[in-house]
Structure formats: C-alpha cells, structure tokens
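Dock chains B, C, D and E with the ligands against the given chain A, drawing on the hints supplied.
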Amino acid sequence: MTVRERGASQPDVRAEQRGQALAPYIEIRDVSKQFVNKKGTVFTGVTEIELTIEKGSFVSIVGPSGCGKSTLLTMISGLSGPTTGDVLIEGKSIRDVQNNMGFLFQKDVLFPWKTVLGNVESPLLFRGVDKSEANRRALEWIAKVGLKGFEHHYPHQLSGGMRKRVSMAQTFVYDPEVILMDEPFSALDVHTRNRMENELMEIWGGSGRTVVFVTHDLEEAIALSTHVVVFTKSPGRIKAVYEVDLPYPRNVAEIKFEPKFPEIYQMIWSDLREEVAGHGHE
Amino acid sequence: MTVRERGASQPDVRAEQRGQALAPYIEIRDVSKQFVNKKGTVFTGVTEIELTIEKGSFVSIVGPSGCGKSTLLTMISGLSGPTTGDVLIEGKSIRDVQNNMGFLFQKDVLFPWKTVLGNVESPLLFRGVDKSEANRRALEWIAKVGLKGFEHHYPHQLSGGMRKRVSMAQTFVYDPEVILMDEPFSALDVHTRNRMENELMEIWGGSGRTVVFVTHDLEEAIALSTHVVVFTKSPGRIKAVYEVDLPYPRNVAEIKFEPKFPEIYQMIWSDLREEVAGHGHE
Amino acid sequence: GGGTNTKETTAGGTAAAEKTVKVNVGSSSKGAVTAIQIEVAQALGFFKEEGLDANVIYFKSGTESAGALVSGQIDFSVNAVDHAIKAREQNKTLKMIASFTDKPSNTLLVSSSLKDSVKSVKDLKGKKIGVTGVGSGTHILTTYVLQKNGMTAEDVQIVPIGSASNFIAAFKNNAIDAGMVFDPTSTQLTDMSYTFPLIDMSDDAGTKQVFTEGGYQFTGLLTTEDVINNKKDVAQRMVNAMIKSNKYIASHKAEEIVAKLPADVVGKDKDLYLKSFAHTQPAISKDGVVSKKAVENNLEALKAYDPKNEAVKTLDAASLYDMQFVENSKK
Amino acid sequence: MGTSERLNMPLVWGLRILCSVLFFGAWEYAVRLGWLDPFFFSSPVEIYTQIIAWLSGQEIYYDIYITIGETLLGFAIGVLIGMVTGFVFARTPMLAAVFDPLFVVLNAMPKLALGPLFIIWFGIGISSKVAMAVVIVLFLVFFNTYQGVREVSQDLINNARILGASRWSVLRHVLFPSALGWIFSSLRTSIGYALIGAVVGEYMVAQHGVGHLIASAQANFDTTGVFSGLIILMLLVWVIDVVIQRVEEKLTAWRGQA
Amino acid sequence: MGTSERLNMPLVWGLRILCSVLFFGAWEYAVRLGWLDPFFFSSPVEIYTQIIAWLSGQEIYYDIYITIGETLLGFAIGVLIGMVTGFVFARTPMLAAVFDPLFVVLNAMPKLALGPLFIIWFGIGISSKVAMAVVIVLFLVFFNTYQGVREVSQDLINNARILGASRWSVLRHVLFPSALGWIFSSLRTSIGYALIGAVVGEYMVAQHGVGHLIASAQANFDTTGVFSGLIILMLLVWVIDVVIQRVEEKLTAWRGQA
Ligand SMILES: Nc1ncnc2c1ncn2[C@@H]1O[C@H](COP(=O)(O)OP(=O)(O)OP(=O)(O)O)[C@@H](O)[C@H]1O
Ligand SMILES: Nc1ncnc2c1ncn2[C@@H]1O[C@H](COP(=O)(O)OP(=O)(O)OP(=O)(O)O)[C@@H](O)[C@H]1O
Ligand SMILES: [Mg+2]
Ligand SMILES: [Mg+2]
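Protein chains in written order, with my numbering: chain A, 1 to 282; chain B, 1 to 282; chain C, 1 to 331; chain D, 1 to 258; chain E, 1 to 258.
One or more hints might be untrue.
The calculated DSS-like cross-link candidates involving lysine-lysine, where the alpha carbons are at most 27 angstroms apart (straight line), are [claimed, not checked]:
#  : chain 1 : residue 1 : chain 2 : residue 2
1  : B       : Lys107    : A       : Lys114
2  : B       : Lys39     : D       : Lys250
3  : A       : Lys260    : A       : Lys38
4  : C       : Lys270    : C       : Lys19
5  : C       : Lys60     : C       : Lys172
6  : B       : Lys92     : E       : Lys250
7  : B       : Lys38     : A       : Lys38
8  : B       : Lys148    : A       : Lys107
9  : B       : Lys38     : A       : Lys114
10 : C       : Lys48     : C       : Lys22
11 : B       : Lys148    : A       : Lys148
12 : A       : Lys148    : B       : Lys38
One side only, chain C facing chain D, incomplete, derived with CB under 8 angstroms [said to hold, decoys possible]:
#  : residue
13 : Ser29
14 : Lys30
15 : Ile57
16 : Tyr58
17 : Phe59
18 : Gly67
19 : Gln73
20 : Ala169
If you are wondering where the hints come from, they were derived from the structure by calculation, not from laboratory data. Treat the numbers as computed from the prediction; the structure is a model and nothing was measured. Every residue, glycine too, gets a C-beta built ideally from N, C-alpha and C.
Just chain A, with the same shape it has in the complex (with noise of 0.2 angstroms):
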C-alpha cells in the first residue's frame, strides 16, 4: 500500500493488475475554489487540490462534512469551474459539461415532472436514443435498483432511498465513463446498499471506467476503492491519498473480513480522525 502526503508528486499507481491504461486521466492542478457573496465576502471553498486521477480508478474522497467533496465533484463535472488552478480531461482544460459523465448529486434533483420511466429513460433520449430502446433499457434499470412496480411513479410519490435509487438508474443507465457520485448510499438500508455497491463494482470492474466516489464511510471507502483520498477539513486541502491494495473482484459484504482490511482501515482512520475530530464545537 502506497501512501502519499499531500504535496508530494504524483505516485506512479499501478493498475495493471485490472489491466487498466496508466495514463494521468482527470488531472486537477492547484485548484482552489472562492465562493464570493453578494457582500463581497470571499469564502474559500476548496484549495491547493492537486490530484491525478487515472483512467480505470475508483478514488473514495472522504474527509469532514463541509471540507469540499462537493465543490471538487462539481468542478470535475465541469458545472462550476475552479477560481485558480486547472481541471483537465485527458489533456484538455473542462470549459463545460462533458458528455461522457455520470454524476450523482448529493441534492435530489430527479424531474418532478417525469415518472420514474420518464426521468431514467430522459439521459437516453437527450442522447438521441432509440425511444423503445431507451424503454427498454431504463426498465432494465429500474428492475436492477429494485424499482420493478414503480415505473408510473412521480418522484414526489417515493420514499427518499426510493428516489436516491432513481437517481442511480438514472446515472447508470447511459453507462458513463467518468462517474462522480456524491454520497450515494447513505440513505439506503444495508441490504440495498450492499446490492447497489456489487451493482457498481461490476459496472466499473468490467471496464475502463473512472470513478470519483464521496462518502462519510470509511469501510465503503476502502471495499470500494483503488484509491482513498483523505481531506482536511474547511477550507479543504488533500490531507493524504492511499492506495488501496486489495485484490478485485471484491465482494462488498466480505471484503471485510480480509485480513489487511483492518490494518488499512487504522491507518486511514487515524488521519482521517485528526481532521474530522478538529473541526466545530471548540
């Protein structure tokens, strides 16, 4: 296992045993992020972020809640672009959305308007799919999110996992190569989360797609990920990146019982620890 400060240049991660490309896919160079308000008021979301993200990685980021997970997601999405530094794609600078991206918010942003068909079909039919084709594989969808029955459902008609699993349909269903998901579990019970977890790890394993996943829970984290990256708190810089070196396949539900899971689990932790312990109620 591979263990990075922040600052230090850029580990050379190996990937091969997925036999996964190695070029430098997302690279996030020096970027900071200033929310200014109407006051004038600047406020400094994220900075110093330098990250290269490879193509075929899973990278977890978890550090404490308001440390900027969010504000880095949406940087890479290309809906918000960095105050200083630089966001790039394979080589090129993001100037906007790109086409190629899956992106699961925190904020439940289903349409209101469109039945859950309607909203997992829409990312389909915005990308000029077939109308049946799309139907038929945004039931595929719903069915595998366990939605089988709940296809003529307004959003407002479904419970909160209920509408997150929608989102996921959503997401998935046009098989992105990147994909940025922001705390996509949490409000699921284990049972679901765990099934949605394999759903991801076969969708991602198979293939050469990128995964930049934000999450509270640090053993998700760690079963889940190639890569860990651990923020310090507000304003957020990176604290530290791990390499996770566990075998794949993973299965989610055991991966714990392996024996360096514990040991990686400690040492994450007590960086994480120092940073979410730091933060509020002084």
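Same frame as chain A, now just chains B, C, D and E with the ligands:
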C-alpha cells in the same frame, strides 16, 4: 431483552431505571395509510400499524427502503392523518400539528431566504420568545452543531451535512417534548455523527422527552434506543418490537464494545435481514 | 394618399353608372344625428343608385376617422370642418365636399338645480362647464359663446368630459353645472330633466344669438386632394348621394325618415332618437353647400379660443372646402 | 384550479349559483326600488331579455365570431411571442439586461394612444384588433415566462446538462415544465387581456364585433345593450378559461396533492 | 433584474445607448427621407424639442404630478387588494373554487365600457382615475400572488407548522418570501398597468394629467405632442421600475447566483 412479534399485546416496557413514567404516551392504533393517485389507483404505504410509545422512551424504526418509516413519522407529527385507524397522544386523537413536537425531516426543508441564524431562531420567534433570548439560544445551538462562523450564511451556501446540522439545531433549539427524526445523521461524517448522537442522548436522557428515530444503521439504532421497531418490506407492517436492555447513560461510540451488544445486534439483524433481503431485484 | 381601396366591379344595368364602385366611408357612430345623411343614403338606397357600394366604418371619434382618411385607409369621412382646419395646421389638406349641418347644433345646457339662478350666460361665472375635450368643437364654441357675452374662459371652469354618455353621469354626479353638448346627448339630458337649455344652436334663432350672420359649418363630408383630383367620378357620386339625403331630409317629416332607418341606427330608444333628430333637423343643410361665411365663422371662433394660433389667422376659408361636386350635382 | 377536482364540486356550484342569484337579485331589487337608476345600471331582467333577443337573432353570432376570432388570434400570437422572448431573455442575461427596461416601458405605454398608428399599419380590418390584442398579451406572458424560467431550480438544469441535454432539451424538459404553472397563470390573465385588446380595437374602429356592439349601444345610451354585450363577452371568456384550466390540469398531472 | 449587478454594467449601458441611438437615428432618417409621414410619426428631433419646451414651462410638472399621483395611489391600493385576496384565495381552496372564475371574468371586462359608472361612483376628479388603475392592477397582482402562493413548497410550510408557526407566521415567513419573485414580477407589470389605468381614466375625463395632455394633442392631430407625452410617461415608468428592482434586490438578497 423483550422480543415481541407484531400483533401480540403491548409489552409492559420497563423504563423505571431512568425514572420515566409508564403511561402510554403515543398510541398508534391499527393505522394504515393509503395513497390515491390522480388515476384513482390506491397504493398502501403502511398497514396494520399498532404501537404504543411510552413517555420518555427512545424508539428507533428500522426497515427496508420504502417500507413506510417516513409515512409513519408524518402521521405521528399530525401533518397528515391515517387512512384508517387512529394516532393518539395522551389519549387524544391527533387532528393537527402538535405544539410540543419536533420533526427532523428526511428532506431538506430549511427556509432558503433565512440565514443559518434566522433558520435556527425561527421556531423560538414563532413561539413568541423574546428576540434577544432567541438569538442567544440560537447561537448556542449553532455552536453545538459545529457551525460557528456560518451564522450569516444562507442554506444554499452550505454543504449537505451542514444543512442537516442546521435542521438539527432548528429542532433542538426549542426543546420539544416529542422529537421525530428521519435519518438525521446519515449525511454526516463519523465524528460529527458521534457528537450529534451524544448531544441527542444528553437532551433526551435528562428529561421525559420521547424520541422516535428512523435510521438505516442498526448499530446506531441499538446504541441509542430503548426500543427498536423492525418494519417488514413494503407495504410496511411492524414485524417486531425489541427492547434494548443496555444501561443508560450510554456512550454511543463505546457501547458497541458492551458484551451484550453483538448478541442484540445479531438477533435484530437476522429479523431485519429477511425483510431487506426480500425486496427488489427478483 | 389612397386609391388602393376603391375596387371597381362591374354590376350590369345600373342607371347611374355601368360600374359599381366600392368606397370606404368613415363615421363616428351609427346613432349620430349629425351624420345621418350616411344612414339615410344607406337605408334609402341612394348609394346604390349612384353605383356605390358604401362600406361604412365606425371610428372611436372624428379624429381617428380623419387620421384614417389622411393615411388613405378610407376615401371619405364624416367630420366637422374643424378637423380640416386642424389637419391643415399639421400640413395636411382635407376638404369638405358636402355639408351635413350648417349650424353648430350644439346646446348649452345648464343643470336644472340652477334654473332659478342662471338666466343668461353671464350667470355662469365661476361655474363648471363641461366640454367633450380640450380644443374640441364644444370647447371652441363654449369659449366663443363666453366671449360674445363679454367673458373669457378664465371666468368659468372648463371640464373636459369625454364621451356623450359621460355627460349624463357627470350631471348626475353634480360634477358639472353646465355643458356644451349635441344630440342625442342634449335631448337625452333635457328629456331626463337633469338640465334645461340656455342657448340652443340647433336652429336659426339660437345660432343667430352667437353667430350673427352666415351660420357655422359643423359636419360634412371630408376627403383628400388625392380623391378630388384622381377619383373625381367617385367623389361626384358620393356627393350626389349625400345631396339626395339632404333633400330627402328637408322634404320629409322626422317620423317618416326615422321609420325608414334600421334598428341598429335608431337604437333601443326610438322615441329618444326621434326627438333628437327632430331637434337637430333645423341644422341640417338643405343643399349640401358649404358657405364661405360659415367657415369664416368657424375660424373666428377658433381665434377666440386660441388667440396665439398664427396659422388660423392666415388661413383662407375657401381652401377648406371644394364645392365643385355640389355644383355639378345641381346640373 | 388544479385542486378543484378534489373539492366538493356540487357544493362549489351551489355556492356559485347562490352568489349569482343573490347578486343579480339585489341588483334587480335595487333598480325596482329606485336605489339604482336603470339609465346607468339597466336591470338583470332587461339584460336577460336583451341577450335572449340577440341570441334568437343571427347577427350576434357573427359579432361573436369576429370578436372571438380576433381574441384567439391575438392571444395565440401574443402568447407565442411572449413565451419565446421570455425564454430567450431568461437564458440570456446580457440580452435581458439591455432590453428588459424596454419591455417594462413598452408595457406601460397606453396602447389607446397608438390607435392611429395601428390603423395605418394594420388597416381597419381585423388585423388592427388582433395587433392590439397581441401587444397587450405579449408583455404579460413575457414577464411571467421570464420570471418562471428564472425561478427554475438550477440543480435540475445542472442535472439535465450532465445527463446530456442540449439547450433545446433543457428548454423542453426542464424549463418549460418547471415554468408551466407560471405560464398558465399568465394565460388565464392574458385571455382576458386579449379580449380587452380586441374590444379596444373595435372601439377604435370597426364594422362588426361585440366591442362595436357595445360602443354603439353606449353611443345610444342603451345601458342594457352595454351590459348585455359585456355579459356575452364574460361568458365567452369563462368558456375559454375552463378550456385553459383543463389543459393545465392535464399538463400538471404530475403535481402532488396540495 | 436581480442578476444585472454581476453583468458588465458599462457594457449594458453602452448597448442600451447604442440601440437607442440606432433606433432614433433610423426614425429621424426615415422621416427626413419621406419614408415615414411626420403627420403620423412626428420625428425624434421634433419630439425632443417639444419635451424640452414642456420641461422649461411649468404646467407639465403639474400634469406629471397628477398622473404619477393617480398611478401610485392606484398601484398601491390595487397591489394591496390583489395581494391580500391572492393570499386568502390560495390558502382557502373553497373560496378560490367558488370565486376564481369570477376573477378571470372580471379581469376580462373592458373597463372602458364602464366609464359612466366610474364617473357616477367616483366623480370626475382623480378618484375615478385611481379607481381605474386599481381595477386593472388588482387582477394582475391577484393572479400572480395566487399562483405564487400555490407554488410554495408544501415541505417548507410543513416545517414551519411543526416549528410552531401560526397562520400569520406561515404567511409572513414562508408564503410571502417564497412568492416574492412572483409578486415582484407582477409589480413590474402592474406599474405599467396602473399608469395605463390612470391614463385611460384621463382619456375618459380629465382637466389635468399627462394622459389628458396626450388626448388633447391627439384631438389636434399633434403627433409630436402625443409622442412627447408618451415618452414622458415611459420615462416615469422607467424610474419607478428601477426603484421596484432595487427593492426586489434587497428583499431577495438570499438568492444564489443564477
Ligand atoms: N455557493 C456557495 N457559496 C458559499 N459557500 C459555499 C457555497 N457552496 C459551498 N460553500 C462552502 O464550501 C464548503 C464546502 O462545501 P461542500 O458542499 O463542498 O462540502 P462537502 O465536503 O460536500 O460537505 P458534506 O459532506 O457536508 O456534503 C462549505 O463550507 C460550504 O459552506
Ligand atoms: N404521496 C405519496 N403518494 C404515493 N405513494 C407514496 C407517497 N408517499 C409515499 N409513498 C409510498 O409509500 C411508501 C413508503 O414511503 P416512505 O417514504 O414512508 O418510506 P421510508 O420507509 O421512509 O423509505 P426510505 O427509507 O427510503 O426513506 C413508498 O413505497 C412510497 O412509494
Ligand atoms: Mg457534499
Ligand atoms: Mg423515509
């Protein structure tokens, strides 16, 4: 530990150890909730719910996603009536919102036009508390949830976890007698979560306050509660009610290491597992 | 100038001409007795006799109608000669080619509550007098009447009231003490005994109290120089039809004439229409001739109204009308 | 209203009829007792008689046809222009910044004063009335669409963009459904204004139409005619409004119970 | 607009001025070349001269004072009534169900036809113009408030109720701020309509006021006077609109960047 299958008569839960009263406080009598959509199709959210909650108890509800946990809380809050059956507080049928209740919604329901301070103050001002007193108490709670320095931020300028914490402060600040909480801590990092859990224990422990708590984290449910209610999968019924026989005061982070804990966990989990495993993906 | 909307269609066997010509004629309201020639010609078929297919279009007021005439949307318009004067001030030439009313046919009415105190115009000092609008014919006449009685507009309060129906409301509300109005409003008001007439300029006697000699040109048929020069034939037929109306009106009793008019012209209250027509009838021109003296009186009144208006002072009365068609129709 | 179907409709109708009966009853009574002057207020019975008389004739149908034609045409064109400009402005802040004061100011222009220009540009036929209706409706729909689109949740737009929506798809699938409540609210107001536009146009110049009918009645002091014409207009608007509401209910079926 | 402050304001002004110059330039040019008849279109230079002449006199200020007074008074009363009824109707579905068609239909009534009634009820002074402005503004504000309140998130209302808000607090702290965007949108439209109402009232009957000035000019075929009057009105509306926008920006400062 008492285990009681659904349909059995209400148990004689012992709460004397914490000096609480024994009288049934909230009674849910054979309640069901049906949703009728515009086409006239009927969907059953929950059914045959029969539950008595004593004053001063801490009841957790666990169950698969979409089983009707939020629906039940909404009915207890008085925001929406049951289709059949009756919900009573102190023997009186609930017809409207109660003044002594707090409800932490699953959704994000902060007032977007109010600052953090304004949001936290508002229940006090609604209740006619003096402006400066309201201010003082609100600031105190903002600090308790770790948001010192963000008093004048608007909700859209906060991260997901921060917004959740503002909601918490908004509920706790007016010290309601009954607190309904719908997955309050799932968006928080481990440490913040622990702090919030302990804060909750403190608020609840000292007095006759009653808490109904929805979570997907069985550990959390057991760690906090006097009773754990397990729901079946949709349409939700009560499968079993467990009394958690661990001593108070509890330190939430440590209680897992109590010798009795794994035993209780296994027992409830085996019950819950059947339900969560059963749904979807067929 | 227009010309575009005079469609010529063949209609065989007409006595007056081989072709039926379609013309657009503007008027202000169906029930206006000062424009009754149009309705009489329509009802009695005078237009048809002249080979005209007259399309009568109703405008909100004479101003809109005259504007449409200038822009060529219509070929003829029923207006007061004052509109021709005002258009001339804006460098547009409109000419009256036939007269409809050669007396002011306005009545100065006074609220019945003042019956005992107001015996002459002089008694109106300090009172509120309603006119239709600032600079309108009623306003000008009021000023002239005041001047003739040794007063000026400053001695009273002039209140623009707008449309006819507003006058009745204004008298009812006691918002005005007197008003310069024409039919059917004046008849209606007197009929309802809200008011009594102080000076009635519908007949010779009343007119002479104000304009000692030559009358006063009120309504008539206006057209543009373009029509006069380029559509002589159409203009001639129009004037012929109008003179037939004038002669018919002069030679028949009010009851007979009104009986010939359709219901939408007469309105719901037949009796009122008859009374107001009978009241206005003396003002209706018998031969359609516009006299120079009458138009000069108009200019006189305007000068009284606005002494600073240089354009009016130099204006030649004869340039505001053209009697060639009336002359021709006598032949 | 979208919510009305869940109300007790017979009761609603009962109350509507009760209120109408009370209103017209009081009116008739007041006229008969001489509290209201029938010259200005006519009376319900007379108005009723007049409307029946008109409806048994033929001309009124042509007048209605003309007026409704002008209204609907003006409404359709105005809504189209207003909606398109509203969308464009809401999504193009620069354009909005430059021209939005112009819209406010043009909206405030008393169209009555432009009568002569309308006649020059659009002639004395129905086009000038349609144009009058258009310029009135346009601004109302513009302002509501503009505001409606600006109130659309940026999060939903972001999601749509991530999901690959083109500008047009964002418009079609996010902005439009989201602003629908506002657009319909403005449609309900606009239909009234379209009618007012047409009627003002007919006041200005006309040969036919209900507005012309009212103007003629007014010139003849026929208050009964004026009110009868107004009531016919109002009934027409009511019918159109019911249609608009039905469409709205269809299009906003996704909404939850209030 | 709320967003304008983040735009490049000098550029916005530059474009505004450029467009105005082009527009007025083209107009002047067309008149000089004889493409437009000054009888109907006057010309920018003449209008400018007329406005300057008016402004160096005294009467115009009184006219402006009268018209603005009527407009603002009518606006204030109309907004108040419209907002209150809008809130009440939105929160009382039964009332709304019974009377909402009435509002649509009354809105569609050509107020011009009611002139005589306004005079009887309100006299020929400023009250009748204020009343005219009120009845026009009222409906616009009503419909937008009604819709704005109905669009308020039920979740926020629920939260407020749980937190102990009385009906009044819900109104004050949830419904009102939430509907604010809509209310302001309707205010911006309404101010124009209030002015139109006042001017229509002045057309109907008046001794003073800019509307009266325009009507008199129109009666004299004085197109320059008509346009000059209109431009003065529009400038006034523009000033009021800027004030409304400033207030809106203050009240909606909580909103994020679009
Ligand atoms: N629009 C904004 N204006 C001002 N500050 C903002 C804005 N958006 C985010 N922030 C601030 O930036 C910081 C990072 O926010 P972000 O949402 O990225 O946190 P996060 O790591 O995702 O937290 P969480 O785990 O709670 O979701 C927070 O302190 C937040 O207050
Ligand atoms: N307004 C509604 N109309 C129709 N169905 C509804 C409505 N609200 C909830 N439901 C249905 O009722 C069931 C229970 O929903 P509820 O929100 O109570 O679930 P939950 O137990 O809270 O789930 P989660 O853990 O995902 O939040 C779900 O199947 C949902 O689809
Ligand atoms: Mg976040
Ligand atoms: Mg829930």
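How the hints compare with the structure:
About 19 angstroms separates the Cα atoms of Lys107 of chain B and Lys114 of chain A, which keeps this hinted pair within 27 angstroms; it holds. With a CA separation close to 12 angstroms, the supplied pair Lys39 of chain B and Lys250 of chain D stays within the 27 angstroms bound. A hinted pair counts as satisfied when its Cα atoms are at most 27 angstroms apart, and Lys260 of chain A with Lys38 of chain A does not qualify at roughly 50 angstroms. For a cut-off of 27 angstroms, the pair hint linking Lys270 of chain C to Lys19 of chain C is broken: about 37 angstroms separates their Cα positions.
At most 27 angstroms may separate the alpha-carbon atoms for a hinted pair to count; Lys60 of chain C and Lys172 of chain C meet this at roughly 24 angstroms. A C-alpha spacing of about 46 angstroms is found between Lys92 of chain B and Lys250 of chain E, which places the hinted pair above 27 angstroms, so the restraint is violated. Of the pairs offered as hints, the one joining Lys38 of chain B and Lys38 of chain A is violated, with about 43 angstroms between alpha carbons and a cut-off of 27 angstroms exceeded. As the CA atoms of Lys148 of chain B and Lys107 of chain A are separated by approximately 24 angstroms, the hinted pair is consistent with the 27 angstroms bound.
Taking the CA atoms of Lys38 of chain B and Lys114 of chain A, the gap is near 15 angstroms; set against the 27 angstroms cutoff, the hint holds. Restraint check for Lys48 of chain C and Lys22 of chain C: satisfied, since their Cα atoms lie roughly 10 angstroms apart, inside the 27 angstroms limit. Taking the CA atoms of Lys148 of chain B and Lys148 of chain A, the gap is near 45 angstroms; set against the 27 angstroms cutoff, the hint is violated. Straight-line distance between C-alpha atoms of Lys148 of chain A and Lys38 of chain B comes to about 20 angstroms, which keeps the hinted pair within the 27 angstroms bound.
Because the closest C-beta pair between Ser29 of chain C and chain D is about 4 angstroms apart, less than 8 angstroms, the hint holds. With its C-beta approaching chain D no nearer than about 5 angstroms, Lys30 of chain C sits inside the 8 angstroms limit, and its interface hint holds. Contact between Ile57 of chain C and chain D, as hinted, is supported at the beta carbon level, the nearest pair being about 5 angstroms apart and thus within 8 angstroms. Among the interface hints, the one on Tyr58 of chain C holds; its C-beta lies about 6 angstroms from the nearest C-beta in chain D, closer than the 8 angstroms criterion.
Restraint check, Phe59 of chain C versus chain D: the minimum CB separation of about 5 angstroms is within 8 angstroms; hint holds. Interface restraint check: Gly67 of chain C against chain D, minimum CB-CB distance 4 angstroms, threshold 8 angstroms, status holds. For Gln73 of chain C, the interface hint holds, since its Cβ comes within 8 angstroms of a Cβ in chain D; the closest pair sits about 5 angstroms apart. Because the closest C-beta pair between Ala169 of chain C and chain D is about 7 angstroms apart, less than 8 angstroms, the hint holds.
This entry does not satisfy hints 3, 4, 6, 7 and 11, going by the numbered hints stated previously.
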